[in-house]
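Number of protein chains: 2
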Amino acid sequence: MKKSLGAKTLAQPAPAWVVGSYDTQGKPNIMTIAWGGICCSQPPCVAISLRSATYTHGCIKERKAYTVNIPSAALAKEVDYIGIVSGRTVNKFGMTKLTPVRSVLVDAPYIKEFPVVIECKVLHIVEIGLHTQFIGEIVDIKAEESVLDEKGMTDILKVKPLIFDTGQGVYYSIGERIGKAFSIGKLE
Amino acid sequence: MKKSLGAKTLAQPAPAWVVGSYDTQGKPNIMTIAWGGICCSQPPCVAISLRSATYTHGCIKERKAYTVNIPSAALAKEVDYIGIVSGRTVNKFGMTKLTPVRSVLVDAPYIKEFPVVIECKVLHIVEIGLHTQFIGEIVDIKAEESVLDEKGMTDILKVKPLIFDTGQGVYYSIGERIGKAFSIGKLE
Chain V
1 MKKSLGAKTL AQPAPAWVVG SYDTQGKPNI MTIAWGGICC SQPPCVAISL
51 RSATYTHGCI KERKAYTVNI PSAALAKEVD YIGIVSGRTV NKFGMTKLTP
101 VRSVLVDAPY IKEFPVVIEC KVLHIVEIGL HTQFIGEIVD IKAEESVLDE
151 KGMTDILKVK PLIFDTGQGV YYSIGERIGK AFSIGKLE
Chain U
1 MKKSLGAKTL AQPAPAWVVG SYDTQGKPNI MTIAWGGICC SQPPCVAISL
51 RSATYTHGCI KERKAYTVNI PSAALAKEVD YIGIVSGRTV NKFGMTKLTP
101 VRSVLVDAPY IKEFPVVIEC KVLHIVEIGL HTQFIGEIVD IKAEESVLDE
151 KGMTDILKVK PLIFDTGQGV YYSIGERIGK AFSIGKLE
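Those sequence lines, one after another, are chains V and U.
My numbering numbers the first residue of the first sequence as 1 and each following residue consecutively.
My numbering numbers the first residue of the second sequence as 1 and each following residue consecutively.
Be careful, since some hints might not be right.
[As the list claims (entries may be wrong)] Mimicking EDC-like on lysine to aspartate or glutamate, the simulated pairs with C-alpha atoms at most 20 Å apart in a straight line are:
| no. | chain 1 | residue 1 | chain 2 | residue 2 |
| --- | --- | --- | --- | --- |
| 1 | U | Lys-8 | V | Glu-144 |
| 2 | U | Lys-3 | V | Asp-149 |
| 3 | U | Lys-2 | V | Asp-23 |
| 4 | V | Lys-158 | U | Asp-107 |
| 5 | V | Lys-112 | V | Glu-144 |
| 6 | U | Lys-3 | V | Glu-145 |
[Unchecked claim] Covered, in the sense of this in silico footprint (three residues per stretch, anywhere, with C-beta under 8 Å from a C-beta of chain V), are these stretches of chain U:
| no. | segment |
| --- | --- |
| 7 | 7–16 |
| 8 | 31–37 |
| 9 | 54–65 |
| 10 | 115–125 |
| 11 | 148–157 |
| 12 | 167–180 |
[To be verified] Interface residues of chain U toward chain V, partial, derived using beta-carbon atoms under 10 Å:
| no. | residue |
| --- | --- |
| 13 | Gly-26 |
| 14 | Cys-40 |
| 15 | Val-68 |
| 16 | Lys-112 |
| 17 | Glu-145 |
| 18 | Lys-160 |
| 19 | Pro-161 |
| 20 | Ile-163 |
I should point out that these hints are in silico values taken from the structure, not numbers from a laboratory.
Since we're looking at a predicted model, the values are computed, not measured.
Glycine included, every Cβ here is placed at the ideal spot set by N, Cα and C.
Based on the provided sequences and hints, a complete structural model is requested.
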């Protein structure tokens with residue numbers, strides 16, 4: 001028997017990603033988000049949702065570009081700090097000692113210390129309500145060689161991304177391998 | 001030094017969710033997706049992306065409603081099977097021995113055996129490319145009492161959701177607790 005919890009933003013898993021952008025003065029800015037996900041395979045796109053009150057919202061509207069920076073769990077404190085303070089008043093790169101790298105493909109900075117970064121150009125802007133959704137075309141993925149498998153793809157056990165529980169507001173790490181997709185469900 | 005991997009749909013973590021809908025004849029249908037995420041807090045919304053070739057795509061366009069069913073890792077084989085075959089030719093509920101429950105709030109079925117279900121009414125449809133994104137307003141969350149914490153919210157360690165690694169096409173479980181959001185990043 002299921003219990004009704006009401007209309008809430010509970011969905012497991014949610015990501016904990018850091019979005020990079022430039023402001024109108026060209027200052028690199030970063031913000032932590034949990035509302036986002038891949039939304040198209042061709043063209044490859046990733047969606048992120050931001051409140052219009054955030055500093056990053058204005059930056060992305062202006063520059064039409066952003067990066068999604070995927071942290072390893074070892075960066076959890078920095079990720080959380082980046083989600084607490086505003087880029088309007090704080091230089092988050094300076095405070096976290098993280099390093100902005102200018103993307104040569106999109107008008108946004110990515111974070112050197114994060115294992116995987118996604119460079120995006122804004123394709124659609126959807127005003128939903130409190131949040132605006134930016135759908136960005138993925139122009140390139142860049143990853144540290146240390147998180148790649150033998151085929152050159154990212155290995156989630158090496159990336160060790162953060163997973164956000166929207167129910168309790170807690171970060172988790174990735175767990176054990178359950179099985180291969182398009183495989184374990186095949187009927188014998 | 002980062003390596004360029006090209007324009008790919010690599011983002012960690014991605015969910016493994018099962019979307020429920022009714023077809024034009026009222027037959028309950030289910031489909032596994034990894035492209036989705038929460039996209040707005042007010043109104044609470046969750047986005048899912050489907051190829052127009054899928055059976056579910058037509059069902060949702062017709063009924064303007066769907067459910068997002070969050071599996072526990074113990075349901076991984078069923079989740080994978082639901083992602084392999086098409087509802088056009090197979091009765092996936094029958095084959096998996098899962099039970100459709102008619103939602104009283106939206107025109108879509110949810111899955112009795114899944115610990116958390118999200119009932120949605122379609123608010124926006126965004127044609128992106130190969131995938132169409134359906135933005136659904138969350139009308140209610142229903143969860144088994146066994147996955148709730150003492151405050152009545154879902155606890156991800158009890159839900160034990162699947163996490164999909166888009167890089168290797170592998171399902172993982174949730175791992176260890178890293179820390180509390182809006183807390184571990186506070187400067188002392």
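Cross-check of the supplied hints:
The suggested pairing of Lys-8 (chain U) with Glu-144 (chain V) holds, with an alpha-carbon distance near 15 Å, which does not exceed 20 Å. Distance check on the hinted pair: Lys-3 (chain U) and Asp-149 (chain V) sit about 13 Å apart at the alpha-carbon level, within 20 Å; holds. Pair hint Lys-2 (chain U) plus Asp-23 (chain V) does not hold up; C-alpha atoms about 24 Å apart against a cutoff of 20 Å. Proposed proximity of Lys-158 (chain V) and Asp-107 (chain U) is contradicted: the alpha carbons are some 42 Å apart, above 20 Å.
Straight-line distance between C-alpha atoms of Lys-112 (chain V) and Glu-144 (chain V) comes to about 9 Å, which keeps the hinted pair within the 20 Å bound. Distance restraint check for Lys-3 (chain U) and Glu-145 (chain V): the Cα-Cα separation of roughly 6 Å lies within the 20 Å cut-off, and the hinted pair is therefore satisfied. Only residues whose beta carbon comes within less than 8 Å of a beta carbon in chain V count, and the segment 7–16 of chain U has 10; three or more means the coverage holds. Here the segment 31–37 of chain U counts 4 residues with a CB under 8 Å from a CB of chain V, which clears the bar of 3, and the coverage holds.
Beta-carbon proximity to chain V at under 8 Å applies to 0 residues in the segment 54–65 of chain U; the threshold of 3 is not reached and the given coverage is violated. Coverage of the segment 115–125 of chain U by chain V holds [criterion: at least 3 residues with CB-CB distance below 8 Å; count 5]. Counting residues of the segment 148–157 of chain U whose CB falls under 8 Å from any CB of chain V gives 8; the rule of at least 3 is met. For the segment 167–180 of chain U, the assignment as covered by chain V holds, since 14 residues bring a beta-carbon within under 8 Å of that chain's beta-carbons and 3 suffice.
At about 22 Å, the closest approach between the beta carbon of Gly-26 (chain U) and any beta carbon in chain V exceeds 10 Å, and the interface hint on this residue is violated. The beta carbon of Cys-40 (chain U) comes within 4 Å of a beta carbon in chain V, closer than 10 Å, and the hint placing it at the interface holds. At about 7 Å, the closest approach between the beta carbon of Val-68 (chain U) and any beta carbon in chain V falls short of 10 Å, and the interface hint on this residue holds. The closest approach between the C-beta of Lys-112 (chain U) and any C-beta of chain V is roughly 8 Å, which is under the 10 Å cut-off, so the hint is satisfied.
Against a cut-off of 10 Å between C-beta atoms, the interface hint on Glu-145 (chain U) holds, since the closest Cβ of chain V lies about 5 Å away. Hint on Lys-160 (chain U) holds. Least Cβ distance to chain V is approximately 9 Å, under the 10 Å limit. The interface hint given for Pro-161 (chain U) holds, since its Cβ lies 4 Å from the closest Cβ of chain V, which is under the 10 Å cut-off. The interface hint given for Ile-163 (chain U) holds, since its Cβ lies 5 Å from the closest Cβ of chain V, which is under the 10 Å cut-off.
Violated hints, listed in ascending order, are 3, 4, 9 and 13; each of the other numbered hints is respected by the structure.
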